[in-house]
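Asks: Given next are the chains, with one letter for each unit.
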Amino acid sequence: DTAVSQTPKYLVTQMGNDKSIKCEQNLGHDTMYWYKQDSKKFLKIMFSYNNKELIINETVPNRFSPKSPDKAHLNLHINSLELGDSAVYFCASSQGVLRYTSYEQYFGPGTRLTVT
Amino acid sequence: GENVEQHPSTLSVQEGDSAVIKCTYSDSASNYFPWYKQELGKRPQLIIDIRSNVGEKKDQRIAVTLNKTAKHFSLHITETQPEDSAVYFCAASRETSGSRLTFGEGTQLTVNP
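Going down the list, the protein sequences come from chains A and B.
The numbering of the first sequence is the numbering used here, which starts it at 1 and goes up by one.
The numbering of the second sequence is the numbering used here, which starts it at 1001 and goes up by one.
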């Protein structure tokens, strides 16, 4: 039933490690996103893919690399983790940039990443 | 790029009172303005949105108004209830790009019983 799911829900790791977060949506949406929510609750877009094609790539360190194997999945890989990467990462999806019926973005439950 | 400012950052009201949250945006080409509610430890969820071809939209106890000339929009919640307590985010985007939502910094609303 879950529309947008993420794994894992919690991730605690040490500085310098490499980790991945997975996201899947079963809504048939064309567009998926990664957002970072910092400790002050500010939501900032990182990446967006439309039909497996990267369409938004904000100014984030190149240690962050998204990968979309198909339009239902968007994973986020982070290399050489730093303390400042600690945040909640949300995946989201929407119908798509070319479909004007709805722009609502559906968010996943979030992954709380803690780097020690 | 777009910049969205949101005020106030915190808002405390008594149950039954009204609450108003205001946002301003900088990009005059923005024409889609959603509001998201995020309860503690949960995901953001859309509660209402408005497009620039209308000035007001209402859904039960919540309403959004838009002033394109002044580039600001507001969320109004009437007859507040304790379950309305959450962080509320405004956002703005251009429909032509569809996907780039720029969020405000959020308003922590607390409704006291």
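Do not rely on the hints blindly, as some may be mistaken.
To be verified - Far from chain A, by Cβ distances over 12 Å, these chain B residues were calculated:
1) Leu1011
2) Ser1028
3) Gln1045
4) Leu1046
5) Lys1068
6) Pro1082
7) Leu1101
8) Gly1104
9) Thr1110
Unchecked claim - Sample of chain B residues facing chain A (criterion: CB under 8 Å; computed from the structure):
10) Tyr1032
11) Pro1044
12) Ile1048
13) Arg1061
14) Ala1063
15) Arg1094
16) Phe1103
17) Glu1105
No lab work stands behind these hints: they were computed from the structure.
The C-beta atom is built at its ideal place from N, Cα and C for all residues, glycine as well.
Asks: Taking the hints in turn, state whether each one holds.
Replies: The hints, checked one at a time:
1. Once the 12 Å rule is applied to beta carbons, leucine 1011 of chain B is consistent with being away from chain A; the minimum gap is 14 Å.
2. In this structure serine 1028 of chain B is separated from chain A by more than 12 Å, as the shortest Cβ-Cβ distance comes to about 19 Å.
3. Not every C-beta of chain A lies more than 12 Å from that of glutamine 1045 of chain B, the closest at about 7 Å, which undercuts listing it as non-interface.
4. At roughly 5 Å from the closest C-beta of chain A, the C-beta of leucine 1046 of chain B falls inside 12 Å, breaking its exclusion from the interface.
5. Non-interface status of lysine 1068 of chain B relative to chain A is upheld: no Cβ of that chain comes within 12 Å, the nearest being about 18 Å off.
6. The beta carbon of proline 1082 of chain B is kept farther than 12 Å from every beta carbon of chain A, the shortest such distance being approximately 20 Å.
7. The Cβ of leucine 1101 of chain B does not lie farther than 12 Å from every Cβ of chain A; its closest approach is about 7 Å, which violates its non-interface assignment.
8. Residue placement check: glycine 1104 of chain B does not keep its beta carbon more than 12 Å from all beta carbons of chain A (closest about 9 Å).
9. Residue-level check passed: threonine 1110 of chain B sits 14 Å from the nearest beta carbon of chain A, beyond 12 Å.
10. Taking 8 Å as the C-beta contact cut-off toward chain A, the hint placing tyrosine 1032 of chain B at the interface holds, the least distance being around 6 Å.
11. Proximity of proline 1044 of chain B to chain A holds as hinted, the smallest CB-CB distance being about 5 Å (cut-off 8 Å).
12. Interface restraint check: isoleucine 1048 of chain B against chain A, minimum CB-CB distance 11 Å, threshold 8 Å, status violated.
13. For the restraint placing arginine 1061 of chain B at the interface with chain A, the shortest Cβ-Cβ distance is roughly 20 Å, beyond the 8 Å limit, so the hint is violated.
14. Interface restraint check for alanine 1063 of chain B: the shortest CB-CB distance to chain A comes to about 18 Å, outside 8 Å, so the restraint is violated.
15. The criterion of a C-beta within 8 Å of any C-beta in chain A is not met by arginine 1094 of chain B, whose closest approach is roughly 10 Å, and the hint is violated.
16. With its C-beta approaching chain A no nearer than about 4 Å, phenylalanine 1103 of chain B sits inside the 8 Å limit, and its interface hint holds.
17. The interface hint given for glutamate 1105 of chain B is met, as the beta carbon of that residue sits about 6 Å from the closest beta carbon of chain A, less than 8 Å.
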